[in-house]
Structures are given as C-alpha cells and as structure tokens.
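Residue numbers (this note's numbering), protein chains in the order written: chain G, 15 to 651; chain V, 2 to 410; chain H, 27 to 259.
Quick caveat, the hints were computed from the structure, so don't treat them as lab data.
Beta carbons are placed, not taken as given, at the ideal position from N, Cα and C, and that holds for glycine.
Among these hints, one or two may not hold up.
As the list claims (entries may be wrong) - Between beta-carbon pairs, the in silico distance windows are: (1) H:34 with G:186: 52 to 62 angstroms; (2) G:280 with V:66: 49 to 59 angstroms; (3) H:130 with G:590: 44 to 54 angstroms; (4) G:525 with H:130: 44 to 54 angstroms; (5) V:359 with G:529: 52 to 62 angstroms; (6) V:101 with G:468: 24 to 34 angstroms; (7) G:186 with H:55: 28 to 38 angstroms; (8) G:529 with H:34: 55 to 65 angstroms; (9) G:478 with V:101: 13 to 23 angstroms; (10) G:500 with H:44: 34 to 44 angstroms; (11) G:525 with H:34: 52 to 62 angstroms; (12) G:519 with H:156: 37 to 47 angstroms.
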Amino acid sequence: MTTIFGVPSAVLYGQLLLGLINGAFYAMLSLGLAVIFGMMNIVNFAHGAQYMMGAMGAWLLMNYLGIGYWWALILAPLIVGAISIVIEVLLLRRLYKLDHLYGMLLTFGLALMVQGAFSNWFGSSGQPYSIPQALMGGRNLGFMFLPNYRAWVIAASVVICLGTWYVIERTKLGAYLRAATENPMLVQAFGIRVPRMITLTYGAGVGLAALAGVLAAPVYQVSPLMGADLLIVVFAVVVIGGMGSIMGAIVTGFLVGVIEGLTKAFYPEASTTVVFAVMAVVLLIRPAGLFGSKLEAAQGQPQSSLSATAPSTLTQTLIFLALACCLAAAPLVVYPGFMMKAMIFALFACAFNLVAGYGRLVSFGHSMFLGSAGYVCGHAAKIWGLPPEFAILAGTATAAMLGFVTGWLAIRRSGIYFAMVTLAFAQMVYFVALQARFTGGEDGLQAVPRGMLFGLIDLSLPANLYGFVLVIFLGGFFLIMRLVGSPFGRVLKAISDHDARAQSLGFETARYKLVAFVLSAALAGLAGSTKAIVSQLASLTDVHWSMSGEVLLMTFLGGVGTLYGPLVGAFIVVAMQNYLAAFGQWVTVIHGLIFVLCVLAFRRGIVGELIEFWHRLHRTPPAKPAVLHNVAVAPQE
Amino acid sequence: MQQTPSKLLRGIAAALCLGSFAVAGQAAAQVSDDVVKIGVLTDMSGQYSDLNGPGSLLAAQMAAADFGGKVLGKPIEIIGADHQQKADIGIGIARRWIENEKVDAISDVTNSAIALAVQQLTRETNRVALFSSPGTTDLTGKQCSPTGFQWVYDNYSNAVGPMKALIDKGNDTFFIITADFAFGHSLEKIASEAIKANGGKVLGSVRHPFGANDLSAFLLPAQASKAKVIVLATAGKDMTTAIKQANEFGIIAGGQAVSAPVVFITDVHALGLSTAQGISFIEGFYWDQNDETRAFAKRFFEVRKAMPTAPQAGVYSSIRHYLKAIQAAGTDEAKAVAAKMRELPVDDFFAKGGKVREDGRMVHDMLLVQVKKPSESKQPWDYYNVVATVPGEQAFQSLAQSECPLVKK
Amino acid sequence: MSESLAVGNLQAWYGGSKVLHGMDFSVRTGEVVTLLGRNGAGKTTTLKSIMGLLDKRSGSIALDGDELIAAAPYDIARKGIAFCPEERGIFASLSVRENLLLPPKVAAGGMTVAQILTLFPNLKERLDSQGTKLSGGEQQMLALGRILHTGARILLLDEPTEGLAPVIIRQIGRTITELKSLGFTILLVEQNVGFAAGLADRHYIVELGRVVEEIPGAEFEGRSGALKSYLGL
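With the rest of the complex left out, here is chain G:
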C-alpha cells in the first residue's frame, strides 16, 4: 500500500472524495446565502434552520403522507420556500433600511424558534431516513467504495449550482437580479417590481437550502439541530468566497470540503478548525473574499448619534449603591446559586456591551474569552494548586492576551466582517478546547477546588462565596461605569459614531478600539474565571458559539449601549433558564421569540425603552434612539 506523507493513499483519496461530498452541501448552502445577501443585504441566520426544515419536510412527507424521496425533492423546497416568503413579507421587509445587524438578529431569533420547536416535537436525537431504493448500493473505485447515493449527491449539487449560476449570470431574470443588487431604486424606476423580486429571491435562496436538506436526509439523518453547526461553517465559506459572488460561493464550497477532507487524512483533530483559520487569513489579506466585491456593503456604516445623556455622577453613584445593597441582601430571599450565576453573566454582558454598545463593534466571539479564562483558572486552581485569587488572575490575564491578539487582527474590519472574524477566532478556540487534553473535552474540567481566598477566607462556605462574587461583580461594573463616563469613553463613542471623522480630529482610532476590546475581553475573562470557581466546572458550553449568542441576547434584551441594560437582560435570561428549565427546549423558542420581538418592536431594549419613556414623561428632548440606521443618501438638490 503506497503512502503519501505517512497516510495510505487509499485513505487520502477516500477522504478527499468524502470531502467533496461535504463540499457539495457547503456549496449549495453558501450559494443560497450569497444570493440572499447579494440581493437583500440580509445575513440569513435562519439558513441552517431552513435546511433542516427541508430535511424534516422530507421525513414528515415520508412518515405521515407516504410521499417518497423523489417527490420530496420537489415538494419540500416549495413548502419551505413558501413559508419563508411569508416571513419575508411580514417581518424581514421592515428591516431593509436598518443596519445589517437587525436582519441577522431577526433571522437568528427565527432559527432559535424553529430549532427549539422541532427539538420539542421530535426530540433532539434525530430520525432515520433511508436511501431511496434506486440509489442503493455502490461501486468499488479501487481506493474506496463509493456508495451510489453519495455519488448522486455530488452530481445533483453540481447540476443545481451550475444551473443557478447560469440563471443568474446568463439570463434576463438574472440580469434583473444583478442590477437590482446594485441599484434597486433605479431598477424600480425602470418598471420592475423590485420588492416582489426580492421576496421571490428570498424564497428561492431558502428553497435551495431546503433542497440541500432533502439531499442530506439519507446521509446525515434528520435532526432538529443538523443545520445549526453547519451554518457557521457555511458562513465561513461565504466570507472566504466573497459575499455577493455567486461563483465564489460555489467554488469555495467545494474547495473547503476538499480542504477539510485533506486535513482529516493527515491531522484529523484540526479538520473542524481549518476552515476558520483559512477564513481569518483571507479576511485579513483580501477582505472582500477570494472572488468578492461587496466590501463596502458589509462594513459598518456611519451611524446616527448614540443614546441618552448620561445621568449625573451623583445619580449614578446613588443607583449603584442601591444596586449593591439589593444584591447583598438578595440571598435572604432568593437561592444564592441563582444570584451568583446571574451576577457572573451580568458582568459578562456588561463587558460585551463595552465594545458592542459603546464601541459599536458587535462581536460574535465573546464566548472565547469567557470559556478560555474558565479553563485556565480551573486548571490553575486544580492542577497547579493556586489559591483562587491567583487562579482568577491567571484566567483574566489569559482572556486579556487572547483579546489583544484577536482584537489587533479583528478591529481592522467593522460591521459584519468584524463579527465574522471574531466568530472565526471563537470557533478555533472552541475546537482547541475540544481536542486539548487539559480541558477534558466533552467531559469538561471538573472538580475545580474553591480554595481559600488570600489564604484566609474559605470559599467553600456559601456566605463567603457569595460575598466574593458580589465584590467581583460590583468592582467590574463600577470600572465599566467610570470608564464609560470618562474622556476615554467619550472618545470611544465618537469613534463608533464616525470613525473617519474621529480620525480627522487626530485620534488614533485603532488604538482606542483595541484598548476597549482588550478591556472587554479581560472583564469577560474575569466573569469566566469566577464562574469556574463557583460552579467548580469549566466546560465546552462556555466556549461554544451559542454562548456568544446568549450574551448578545442578554445585552440586546436589556438595552445595547445603556449602562444597566445588560445587567437587566442577564438577570432575566438566567432566570428564564432556571425557572423554565422544566420546559426544556421551549426555552430556546422563547429566546428566539425575544430576539424577534426586540428587533421588530423594542430595539432599544428594556432599559432603553424605559429611559425613553422617562424622557417622554418629563418632556425633556428625547435621546436619539440607540438604533442603528443606514445613513440616508444625502439630498441631491
């Protein structure tokens, strides 16, 4: 048996071929995403859920109506496409004039709702779907045995992708689409109903995802979460290929599949990370992607000015003291375990808000700071035997360093690209955590000792532990409060409003943004380290991208850009998790519903809306809402 670099050639070719099959799915899904982003400037976070709905649809058709695979290939995409058209008309349409972020959040919320609902109805372990009779069996290619169905998948996806490319690049309809992507208003002025075209395009893009789902059902089995982790990879593919490039999405999809296959042959542990490493590199060298052209669209736009005048220092201090008293007294009425968890997440959310709210850099990767700090702190306390204060310091320092490295690379971009870079880094951290010995992988780092604080205070006593967490939280919060009100904070706001203008005033904006990012990372790390000590566990959940989604939810719900918003949001979300735990996956559905409602109706978040209400009552001039708008085209004449 010949070997190539130590790997038997049979295995190598086999993995490449399997990689090509995976690539087929990446290509179809990223094609749908690219079409939707190109036309509507919406990052369709529901794409994974819609892929799953296609697969589920096929399974439901088979199990309840006896309708087989071949019909499902046509029916499932039609049904899912129709549902998505309804969503576009009712919900998405309202968001086109706003910042991309809202489209992302809404579709993210919808995805949570759909995935949660399906998990409840069908359980999360999935349903079997058999390969259609006509495609069973396979043939021996010499270096591996290729099942017929998998060969069909490659062939079908190539045909579908090329067909879609042809329609877009070579037909009149495609010309309308491309023109409307560039200048929708002008195309309307020519007599084309652009809104209807957008709706149908969304339906088509989603239909493509659902079709991929039907193709996937016999291979990957049908489960409610099958699209969730796949989606992150597909985003990476779209970013590598270039947002808005159709051919780029197709080619990159297959390419990434092959690269992953190659990695699996030589160094399997890295196969899940490699796509994110590639994405990070591409983003830094060729930000528009290998084939892309829509850099400006995805960068952040200059924003309308930010929110409320800050209350006076006296008011702030009073509120803060009142808060401290409430929190100190809380364990008398509320289960202290809950309070501690809520405070830790509140600190995490406040740290996130520092860059996302005040700095307008919405990061999708903050879980990497929470989680990595937790692992390092836990390891320091358990294996190195450090007392808690040094263990927490170690964790916080780790997060700060990670924040420096990732921040330095990430802040060169803004808007969606910034979010994607942070997501890429977070995914890399996740997969390192999954593989590394010291983290314990799926089992987690367990039995982290609580230890003796300063050698004097025994943290295994509940009262001591609570006081400890309280002090950390109040300290972190106070730091953020003073920072935001300081000259540094004001410069940060100015930069987030309009980077170029701030630069023209002489500020080195990159440096300010980096400092803010590192501080945010460090404080998130502080929260993560404390979490490891309190729960005596550091696990993969803390580094998973859904944790980044949670902190986004908390901040958004409470009020992005407000001081107390993240705190309120964190308490509500943690309370929901605790007290609705009996409802299992319905909590996910509720989270999703909150996202959707916030985007549609409560963009300022709870605290933000309260502040607005207060202003209206007192008839002081209302603050410009902390809402992100595209700057209207400057009036011509």
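On the provided structure of chain G, position chains V and H as indicated by the hints.
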C-alpha cells in the same frame, strides 16, 4: 424503707430507659426534611432519551408506587430533569437539587462525564447516587464513593466478554472507533486491554465527535486498515449510524466484522431486525425472560408504549433497593442507608441473587443475547435469543482488580 | 397641445428634512422643458419625486389626468415615464448589451436596438464590454439609449451633459433635438445654461424647492439678467 430507694431507683431507671427509647426512637425514625426525594437526572430529549429519559422517570415512579408511596411514614417524591448531555447543565441541576430542593438521592445519570461529577458532588454532600446507565468503570474504581452505586452494567461487563469471544473465533486484528468522551475513552481502554490480554492486536483507532451525524470519515480508515473486526466503542445513535453506514460503504459485505459492545433493545428497534440480525452482545436485562419480567414490562408498556430497557429496569430495581435500605436503617442519612444497601441482598425481577459490593458495584448475572432474524420474531420487541447466562462474578471486574480506595486489599 | 404632466404644490422630504416646498409647473406633450437652478435648489429631487423615488411626497403629480403622487416607481414607469439619473446608473455587473436591454418595454413603439445604435454608433463595438468600462460620454449615451428602447414617451433627464467634453455635449444636444422632432416629451434638468438655451420650449427657474420664474424659450436671451442673479453666474 429499704424498698423505696430501689423502687425510686427502678422508677428513675425505667423513666430514663423510656426516655432514651423515646429519644433513640426519634433519632432512629428520622427522615431529613420529612420527605424522601429522589431526582432522576437523565437525557430527556437527546441521543439517549429512548434508552433512558422519560422511561427512567416512569420506572422510578413505579418503584415508589409499588413500595407504597411512603417510607418510615414519610412520603416519597420523584422528580426528573433533562441534563441535555451537557456537563454544566447536569451539575447545575444536581447542585440545585441538593442545595435547594431537599433531594436525597440522584438516579440514572445517562452520561459518564456527568456521572463522575455527580459522584463527586454526592460524596461531598453525603447523598446517595444510584447510577443506572453510565458505563465508565471509574465510578467503582478510582472515583468510587461510599454512597455511590453502579447498578446495571459497566464498560467492563460490556466489552471484555465479547472481545474474548471474538478472539476465540480467530478474529485477532482490531480497529477501534471511539466516542470522544469519558464513556468512550473508558470503553476503548478496557476493550484494548481485553484484546491484548487475549492475544489480539489493535491495528489502530480513531475518535469521533460525540453526536456526529456522519461517521463515514471515521469508517474509512477502519476499512483501509483491513482489521478483521471493527469495534464500535460508542453507543446510542452514534452506534446505529455507524452500523448503517458500515452497510452503506460495503464494509460488512467486504468481510470485516463489526462489533458493538454497547447495544440496547432500543438500538435494535431503531436499526430494524433486517440490519441488526445476528449481532450478539451482553445485556443486563431482557423483558421477555420470565413471567416476573413480563409482568413488569406489561405495566411499563401500557404507559410508555415501548418495552423497558436494561437501564430503565435498573432504575426501578435500584430505587426499590434504596427504599428497602432506608426502611431497614430507620433513617435516610446516606452512609447508614449505603451500609444497609450493601448488607441486604438484591432480589427482584431485575436481579436474582444480586449483591452490592464495597466498591459500589451491584453484581448480578448478565445475559449473552443474539438478535433474532426477522422470521424468528413474532411481535415488535421480540428481538433476542438469550444464548447464555453469564454469572455475575465472571461478568464484572473482580474486587482484586479494582482501583477503588474503599476496597481493603 | 394638451398637458401631459402637471405638477401642483409638490412637496417632498428626505427622511426628516423637507426639500421641496411646493413645486408648480407643467409639461405639454411634445415639449422640451428645463428646470434650471443652483446646486441644492431641488431640481433632481423634483425628477425623483415624479418617479416616486422619494420617501415622502405630497401635492399632485398628474399624467394626462391620472394622479401619480402615491404611486410606486414601477407603476409610474409603466405609465410611460422614463428616468435617466444624474450619475447615469450604468450597472457594473451587466454588459453594455444587458444594460441596454434591461428596462422592460412599457409601451409599443419603442426604438429598436438597430435604431438606437444608429443614434449612438459608439456603442456598437462595445456591446459586450462591461457596462462601467465605457467612457463618461458613452455611458451617457447608453443611459439614454436604454430608456429609448422601452417605448416611454416622457423622458426625465437629469444633467445629461455633466462632466462631458464639449463635442459630446453637442452630440447630446443634437440627439435631444432629434427626439423632440420624434414627438417625445422631455423634462430636462440642467446647470449648463448655454446647453439648455438652444433646446427648450420653456424654462422654469427653481430656487429653494419652489418654481420662482417661468421663461418662454424665445425670451431666454432677453432675461439673462434675471438668470444671472438666480443662478449666480
């Protein structure tokens, strides 16, 4: 006047005795928080929800009801929760149960990693843990606890026998595909050791992410290694996916045997007899074994519409035994109850002549079963031919081999 | 001649700021009418309002009696009004041919491709080039050509001569004269007063979102003084 002092003395002595009996009686019949609360921590919605999940909760409720709903005059309460296979959620629930909700014992725990954490927690807080499904042998080995018990099977009982049987038939080269978490690692280690101990060779191994939908990339090196046996050190959906895809990729047709040490009746149900026929493995319980098992199964089926699995039956048996031990000990204090659990024999439909050892291992006879051909099966769930009974002492690791610090050597 | 387009008290807003404060003017069938004025006076906004491209409008825009004030751009286009924007709006992701054929036919009697290429011979060799690879003048011709293809009879032209060389400007002038002779109705926005002088039947002067003067074509020379003050020449 000589009698008065003795009468007085006798009176005082009697009073003292009565008093002390009263006090002793109070102390003896003492149940913490006036309730015996058992929490069933399991996977309600994921990979193992059919194997355990709501069925485990039902088994627990049946055990409490059959015991009369009360012990030592206090009510028995059964609660359940879904740990979603996540360590932090599972530990969070267990901790809240113990710290805030007066739970006295935790049952089931369908995940080896979570089980190890629960073992630690119950050891520290002096509560009882009745593990019915996790496979890791560390629970009765390095991480054993005076109040922690492994009831149904473990990776040793699942793996060692089958490995030896395979080698005896001349299959001496192996490739292992492992689920990448505590359960899988433990199973892989035991299987490898058993293989080597019996003169076989492990040609290679690969770890797959827990819950992966597509195992083709891991079957590929297994196929290329040309090992005579591919061992699936994994369970539940991952295992059934692997078997299906092994068929899809022509591995079985190509002559390699696929051995799955950890198979349950729900897996056979999911695979279907035509795919699963002929596979043999060790099981802890089969509903169709005798009249007693059938009676239990019938009651269970009426509610769940599925036959009970070994872990679910184990939940019933372990809780029943726990309640008996509380009765005998006169208290629900963990160490006292644990002592009684080790003292009393386990004798119910699940295990005849079963015994709880110092290391927490409940030793009972296991069954070597083979999946029936479709033609042999008369009704749904009629899936096994019981080939042999493996006596407890042979099936499980001996005390001498145990690494448990509680075992006196 | 009947009134084709009648605009009455047209007001318009970009977001929160009001740009048109009540435009009143009309264009008769077959006429060439110009809107003249300084930068920021509201000329382009007026054209965009007629096409329905602005957020908020009020007042009246009547086409042969049909009220268009609340109509959507695509409906307005289908009534036979075509718009040639100031920045030309040539699509980069389309070839010249695709650009030319993009706007759908809104009425019968539009120019054929052959006729358009006769009018603008430069485009003939460039049909398969990418749209934006053309020179400014060629792009302007393309922009004009494609709306001629649609069959629209009322053309709104926004500063067609901006940034172009004198020889091209003269060519465009000749084109507009030819279109007039073919019976098109043209509403022209221009800053190039000399260009407008020769072409139009009537001129309106727009200042601060209102029409402040109407000058018949014949009187143009004579009123140059007034023009100077309004336009700051």
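Taking the hints in turn, this is what the structure says about them:
1. Taking 52 to 62 angstroms as the suggested C-beta distance range, the pair residue 34 of chain H and residue 186 of chain G does not conform, at roughly 38 angstroms.
2. Checked against the given bound of 49 to 59 angstroms, the beta carbons of residue 280 of chain G and residue 66 of chain V, roughly 58 angstroms apart, stay inside it.
3. Between residue 130 of chain H and residue 590 of chain G the C-beta distance comes to about 52 angstroms, which sits within the given range of 44 to 54 angstroms.
4. Between residue 525 of chain G and residue 130 of chain H the beta carbon distance is about 53 angstroms. The supplied range of 44 to 54 angstroms therefore holds.
5. A C-beta distance of roughly 59 angstroms is found between residue 359 of chain V and residue 529 of chain G, which places it inside the suggested range of 52 to 62 angstroms.
6. Separation of residue 101 of chain V from residue 468 of chain G is about 29 angstroms and conforms to the stated range, judged on CB atoms against 24 to 34 angstroms.
7. Between residue 186 of chain G and residue 55 of chain H, the C-beta spacing of about 32 angstroms keeps the proposed range 28 to 38 angstroms intact.
8. Between residue 529 of chain G and residue 34 of chain H, the C-beta spacing of about 58 angstroms keeps the proposed range 55 to 65 angstroms intact.
9. For residue 478 of chain G paired with residue 101 of chain V, a C-beta distance near 18 angstroms keeps the hint of 13 to 23 angstroms intact.
10. A hinted range of 34 to 44 angstroms holds for the C-beta pair residue 500 of chain G and residue 44 of chain H, which are about 40 angstroms apart.
11. A C-beta distance of roughly 57 angstroms is found between residue 525 of chain G and residue 34 of chain H, which places it inside the suggested range of 52 to 62 angstroms.
12. The given range of 37 to 47 angstroms is respected by residue 519 of chain G and residue 156 of chain H, whose C-beta atoms sit roughly 39 angstroms from each other.
Checked against the numbered hints above, the structure violates only hint 1.
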